[in-house]
Amino acid sequence: MSGTRLVVGPFNRVEGDLEVSLDIDDGAVQSARVNAPLYRGFETMLMGRPPSDALTLTPRICGICSISQSSAAVHALAAAGGHRPAPQGAAMAALIHAVENAADHLAHFNLFFMPDFTRPCYADRPWYDRTVERFKALEGAAPKQGIEARTALMHILGLLAGKWPHTLAIQPGGVTRAPGPRDKVRIMASLTAFRRFLEGVVFGGSLEEFAAIETPDALMAWDTGDVGLFLRIAADLDLDALGRGSGRYLSFGAYPMSSGHGFDPGLWAEGRLDPLDLSGLVEDLSHAWMLGETSHPATGQTLPDEEMRAEAYTWCKAPRLNGQTYEVGAIARQVVDGHPLARALAGGGVLARVAGRLLELARTQGLMEDLARGIEPGAAFMDPAPDVQSGTGAGLVEAARGALGHWVRVQDGRIACYQIIAPTTWNFSPRDARDVPGPLETALVGTPVAEGETTPVAVQHIVRSFDPCMVCTVH
Amino acid sequence: MNVLWLQTSGCGGCTMSVLCADAPNFFDLLDNAGVRILWHPALSVESGEEVIALLERIVRGDVPLDVLCVEGAIARGPRGTGRYQMLSGTGRSMFDWALELAPLAQHVVAVGSCAAFGGVSSAGGNPSDAAGLQYEGSHAGGILPPEFRGRAGLPVVNVAGCPTHPDWVTETLMLLASDALGPTDLDALARPRFYAEHLVHHGCPKNEFYEYKASATRLCEIGCMMEHLGCVGTQAVGDCNIRPWNGSGSCTRAGYPCISCTAPEFEEPKHAFTETPKVAGIPVGLPSDMPKAWFMALASLSKAATPERLSKNAVADRVEILPSPRKPRG
Ligand code: SF4
Ligand code: SF4
Chain A
1 MSGTRLVVGP FNRVEGDLEV SLDIDDGAVQ SARVNAPLYR GFETMLMGRP
51 PSDALTLTPR ICGICSISQS SAAVHALAAA GGHRPAPQGA AMAALIHAVE
101 NAADHLAHFN LFFMPDFTRP CYADRPWYDR TVERFKALEG AAPKQGIEAR
151 TALMHILGLL AGKWPHTLAI QPGGVTRAPG PRDKVRIMAS LTAFRRFLEG
201 VVFGGSLEEF AAIETPDALM AWDTGDVGLF LRIAADLDLD ALGRGSGRYL
251 SFGAYPMSSG HGFDPGLWAE GRLDPLDLSG LVEDLSHAWM LGETSHPATG
301 QTLPDEEMRA EAYTWCKAPR LNGQTYEVGA IARQVVDGHP LARALAGGGV
351 LARVAGRLLE LARTQGLMED LARGIEPGAA FMDPAPDVQS GTGAGLVEAA
401 RGALGHWVRV QDGRIACYQI IAPTTWNFSP RDARDVPGPL ETALVGTPVA
451 EGETTPVAVQ HIVRSFDPCM VCTVH
Chain B
1 MNVLWLQTSG CGGCTMSVLC ADAPNFFDLL DNAGVRILWH PALSVESGEE
51 VIALLERIVR GDVPLDVLCV EGAIARGPRG TGRYQMLSGT GRSMFDWALE
101 LAPLAQHVVA VGSCAAFGGV SSAGGNPSDA AGLQYEGSHA GGILPPEFRG
151 RAGLPVVNVA GCPTHPDWVT ETLMLLASDA LGPTDLDALA RPRFYAEHLV
201 HHGCPKNEFY EYKASATRLC EIGCMMEHLG CVGTQAVGDC NIRPWNGSGS
251 CTRAGYPCIS CTAPEFEEPK HAFTETPKVA GIPVGLPSDM PKAWFMALAS
301 LSKAATPERL SKNAVADRVE ILPSPRKPRG
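Same order as they appear, the protein sequences are chains A and B.
First residue of the first sequence? That's 1 in our numbering, and the numbers climb one at a time after it.
First residue of the second sequence? That's 1 in our numbering, and the numbers climb one at a time after it.
Because the hints were derived from the structure by calculation, they are not lab data.
Glycine included, each C-beta is placed from N, C-alpha and C at the ideal position.
One should not assume that every hint holds.
[As the list claims (entries may be wrong)] Distance ranges between label pairs, derived from CB positions: (1) A:Pro275 x B:Arg36: 45 to 55 Å; (2) B:Ile321 x A:Ala218: 57 to 67 Å; (3) B:Ala293 x A:Asp305: 51 to 61 Å; (4) B:Ala316 x A:Asp387: 14 to 24 Å; (5) B:Ala23 x A:Pro216: 33 to 43 Å.
[Stated by the list, open to error] Using 20 Å as the maximum straight-line C-alpha spacing, the simulated SDA-like pairs for lysine to any residue come out as follows: (6) A:Lys136 x B:Glu50; (7) A:Lys136 x B:Ser248; (8) A:Lys144 x B:Lys270; (9) A:Lys144 x B:Thr170; (10) A:Lys136 x B:Ser44; (11) B:Lys270 x A:Asp412; (12) A:Lys184 x B:Asn32; (13) B:Lys278 x A:Arg49; (14) B:Lys270 x A:Gly48; (15) A:Lys144 x B:Gly247; (16) A:Lys144 x B:Lys278; (17) A:Lys136 x B:Asn2; (18) B:Lys270 x A:Thr44; (19) A:Lys184 x B:Gly247; (20) B:Lys270 x A:Lys184; (21) A:Lys144 x B:Glu50.
Turn these sequences into a full structure, and let the hints guide you.
As structure tokens, this is what we get:
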């Protein structure tokens, strides 16, 4: 196939709307443009409202990472008011958040990512029949088992957060419900059942053994469970080489608690770890249908370009830190946190992103169990925060898909400015003023496209390996 | 019965919620009821061209459409063009697609408050000019006129909620599949009566506190949240405290107020969500079907009669004073 342009969409199993334009020559993608074709306007909606309204509205940016949005809003408001939550409240908020992230990782693997390997184009591969049996969309065993395990895990959220998604249980002062001794044993029971599912079906072995893997060779030798099946496919299709990243990773640090983070914050570039410093952060608007200046989110604004000018091609702004793109997500978190396997996979493609997620799923189980064991039923779970009259604050958290930031300015008891940078805004950002493409746009270059393919399967693997959330992107 | 599911301008949370359907799982539940998913954006394998081809077959009438589920509001902006949401790969807006597909369906189901009324997608000045399918807020007529009917004769069925409860969706689909949802099974806002004939207040564990107006003053105390913390469970429709969420939950069970997410315009309460607006110290928005004077009289009487157990527990994080055992009969 030579010299053609392909517009790929609607792109499903990506949570929201996505369109990808590809220039194809010599059977491979020469350049890619990523379009988020929906504009929603949440930042504008928040202007002039009581600050606490952010706790009701921002979770509704996203139905899949609703708790992440809650938690970013909570931290932004707490920072603006100079308030600290009750330590046990912060620990429960972390547990609630970890449950959402674990559920998201599982849903991504079972429902969004793996079904692509059941496409007829793979019918001649030795792993094909097994993959169809396990992962066929809507019908396979794995999607059903996955949602059942997820549903049961989320009973923890019924107890602690009332419902999922869209809870008001997490507040700047802590959480609205103090768990008692019976909640604690019930939560442990749900976690144990989830562990049994992960070990029995997903990993086919001990989570601690999986989390202890340090090298890619040892990873590829893991041959049990659905993870083993995926690794067989990854080896056969060389998914490590497909859609490679820049090797620059950013993490805001997951689960901030009084005792520190569950997974540490930081920046990883050129094989070196640096502390997180966001002073050089801007959102570039050159290729987004947005008006206004390139600016730091603390002073940014969101003014949609109703003309949808021709030089721009998406509603997604382009975040750049010190002029550079960064990839975010589970692999970024695990690299920054210093896990040896993640560090060894750094810069990799589809395999690295998916393995990073599986590694994190295994590690998160232990983290959730520790948090549940640490529940002190007699403690205070809330130290109520006074209403914020004026101040500025940033809420930096990690959604399943990566770094999520809320920046708020409160004036006279009302929201004067609210800016959000979602994980997929980083990963699926468009070109910037220097014409540097975003991480997905870069990762797609060189992707093989077979003759006659209209929705190239390799492109789909790469896109979904990022676990994009478009509804967040276009808040 | 086949179902085409589209996600318009929303958060995708209703799908995420529906996947929490308990026993049997969502897929088996629908399959067992003879409900077949033609395409769902989060669940089906088909992407790109394959989806466009399916939509074209539906438009041509080659594939009859039994149910069109729409999740999310419809963005009509900028300036009525609908270009704030284009259906990828088609060069056409979702607004356009929704108008084309709705009249082809036997039933149109609005999944969630955005699709029903506009919901949060239309909050705060409505920057994307979003509307529901057949309502704009509480006004009849959304992108479809008030007189619109699906081919089988029902208005758009509004499975409102933010998010909607998994069972509200699955039971609506199962009722439609068994031809058991008629016009009289819907309330005045076309919400299925099986959940809209209840109030959130029904079965709330804080009912005893409510009876005595023993009220929580802060979000963490276990008293009733009507007087100070914005709870509108006495006016909000939904069986949230009768059939629980995610195992055993509900908003009020988790210690935060019901904000009536099943109602049009819940996103604009005109006060902070977690505060009760008051006039001269008296909460406005008392139960809608009770004379105010009576309410006030009953409230002051019951306040005076509040047992210490309730007045103390109401402002505590957990039960501090236990119900006292009956004295043994002498
Ligand atoms: S908290 Fe709300 S729903 Fe519960 S009893 Fe009070 S008013 Fe009713
Ligand atoms: S309790 Fe109220 S706010 Fe909560 S889900 Fe039910 S109707 Fe919505």
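Here's how the hints hold up against the structure:
1. A:Pro275 x B:Arg36: 45 to 55 Å: Check passed, 53 Å falls within 45 to 55 Å.
2. B:Ile321 x A:Ala218: 57 to 67 Å: 58 Å, holds
3. B:Ala293 x A:Asp305: 51 to 61 Å: The hint (51 to 61 Å, Cβ to Cβ) holds, given that alanine 293 of chain B and aspartate 305 of chain A are roughly 55 Å apart.
4. B:Ala316 x A:Asp387: 14 to 24 Å: 23 Å, holds
5. B:Ala23 x A:Pro216: 33 to 43 Å: 40 Å, holds
6. A:Lys136 x B:Glu50: Holds, because 16 Å separates the two Cα atoms, which is no more than 20 Å.
7. A:Lys136 x B:Ser248: At roughly 31 Å apart (the allowed maximum being 20 Å), serine 248 of chain B and lysine 136 of chain A break the hint.
8. A:Lys144 x B:Lys270: 42 Å, violated
9. A:Lys144 x B:Thr170: Within the cut-off at roughly 16 Å; holds.
10. A:Lys136 x B:Ser44: 9 Å, holds
11. B:Lys270 x A:Asp412: Distance ~17 Å between lysine 270 of chain B and aspartate 412 of chain A Cα, so the pair holds.
12. A:Lys184 x B:Asn32: 36 Å, violated
13. B:Lys278 x A:Arg49: Satisfied, since the Cα-Cα distance of roughly 18 Å is no more than 20 Å.
14. B:Lys270 x A:Gly48: Holds: lysine 270 of chain B and glycine 48 of chain A sit about 12 Å apart, inside 20 Å.
15. A:Lys144 x B:Gly247: Given that 20 Å is the threshold and the Cα spacing comes to 18 Å, the pair holds.
16. A:Lys144 x B:Lys278: 49 Å, violated
17. A:Lys136 x B:Asn2: 19 Å, holds
18. B:Lys270 x A:Thr44: Holds - the C-alpha atoms of threonine 44 of chain A and lysine 270 of chain B are around 17 Å apart, at most 20 Å.
19. A:Lys184 x B:Gly247: 15 Å, holds
20. B:Lys270 x A:Lys184: 38 Å, violated
21. A:Lys144 x B:Glu50: Outside the cut-off at roughly 24 Å; violated.
In this structure, the earlier hints numbered 7, 8, 12, 16, 20 and 21 are contradicted, and the remaining ones agree with it.
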